[in-house]
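Use these hints to put chain P onto chain Y, whose structure you have.
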Amino acid sequence: MRRRLNMRDVTLSEIEQLRAEAGTADAVFEMDEAAFRALYDRTARALWGYLARITGSGDVADDLLQETYYRFLRSRSTYENDAHRRNALFRIATNLAHDCRRRGIRAQLVAIPDDELMATGDVAAETERREELARAMSHLRPRERAMLWLAYAQGSTHRDIASIVGVKAASVRLLLFRARHKLAELLRNERPGHRMKAGRHHV
Amino acid sequence: MCECDREQDVLDAIAAGRWPERCDDELHAHVSSCAICSELSEVTSAVVDDRETAWSEADIPSAGIVWWRAQLRAREEAARAAGRPVAFIQGVAASVALWLIVSLVRALPADYLAEWRTWIVSALPSFSFTMADVARVTAAVPLVVFVIIGAWVVLAPVAIYFAAADE
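Those protein sequences? They're chains Y and P, same order as listed.
Each residue of the first sequence is one higher than the one before, counting from 1 in the working numbering.
Each residue of the second sequence is one higher than the one before, counting from 204 in the working numbering.
There could be a bad hint or two in this list.
Examples of chain Y residues toward chain P, derived with CB under 10 Å [unchecked claim]:
#1 W48
#2 A61
#3 Y70
#4 Y79
#5 D82
#6 R102
Honestly, the hints are just simulated from the structure, not real lab data.
All of these numbers come straight from a predicted model, not from anything done at the bench.
Built from N, CA and C at the ideal position, the CB exists for glycine as well.
Chain Y extracted, bound-state conformation (with noise of 0.2 Å):
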């Protein structure tokens, strides 16, 4: 039985005996360490936040980063420049997390417990607004999500957003307007005056 190993269980001896490994063996991937630090060093943040609120899931973004950048090596494809090269991370990003949700990986919105929120002053409010997004973007079809993601949290442009989405760079403007419109309204309706409002009315 193969135990599957995190990342963030890795041994000082078990990075000794992969360095050992590597050295002596010809190289794999296009791409030498040197450029895979800085690129890495440079986009894996951003990749991890942005596969974590499309899948709504922590844990699965860190499973998916490690897969990104894996498939990204192995692709062997020669990009012009660092924007090509990180577009290329977020496609294979989005394409994975798209297999997640076909397979049934579905992330379940992890709920804060009360007296977390209770928690003082501004500490509560920020949770408070990070809970609402999080509830309005699950209720998002993921391509909206990863649409508003990529153009307000990454400032990716119309054509970057196409390219890794898979739609054409004519519809992105009234793609994300839709998208723009339609979480904006459910924060409306997340708001705790709104929540409060709508549940008299069930009452």
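Structure of chain P alone, referenced to chain Y:
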């Protein structure tokens, strides 16, 4: 209508961290009167805040570890891919050998086969034994041999488990 000329100004202000405190009154006035920019500022501010949270909670492994793991996995996959034709050829060879044996046996005359069957049955030793036979054998073998065999039976699966887990 799904766009406004001032959208980029709103996005720039949010991206630069100027929105809403350090923006001019004119942009504030526009955003409060324009439904598109109002929605844009609301959504973008929420997403940008969430991005900061996501980036701060990201517990990503180091580049070096991801690189070495990817190398190891690529080599394993390459080794598996290289072994696939060998396994295929072995399978084909085994099938051909089996087919040849069956063809040969079928080509032999029936009485020749019957003769062989009789010879094989007579050559097989008889395995019928009684509890007395077992007792006689166990008495002859020293206890230490049984202890070694018992220990091996218990420890071998454990050793195999740890060997497989370390891979």
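Evaluation of the provided hints:
1. Look at W48(Y): its Cβ gets to within about 4 Å of chain P, closer than 10 Å, so that hint holds up.
2. Interface restraint check: A61(Y) against chain P, minimum CB-CB distance 8 Å, threshold 10 Å, status holds.
3. A cut of 10 Å between beta carbons decides the hint on Y70(Y): the least distance to chain P is about 5 Å, and the hint holds.
4. For Y79(Y), the interface hint is violated, since its Cβ never comes within 10 Å of a Cβ in chain P; the closest pair sits about 17 Å apart.
5. With a least beta-carbon distance of about 15 Å to chain P, the hint placing D82(Y) at the interface is violated under the 10 Å criterion.
6. Using the Cβ-Cβ criterion of 10 Å, the hint placing R102(Y) at the interface with chain P is not satisfied: the shortest such distance is roughly 23 Å.
Violated hints, in rising order: 4, 5 and 6; the structure is consistent with all others.
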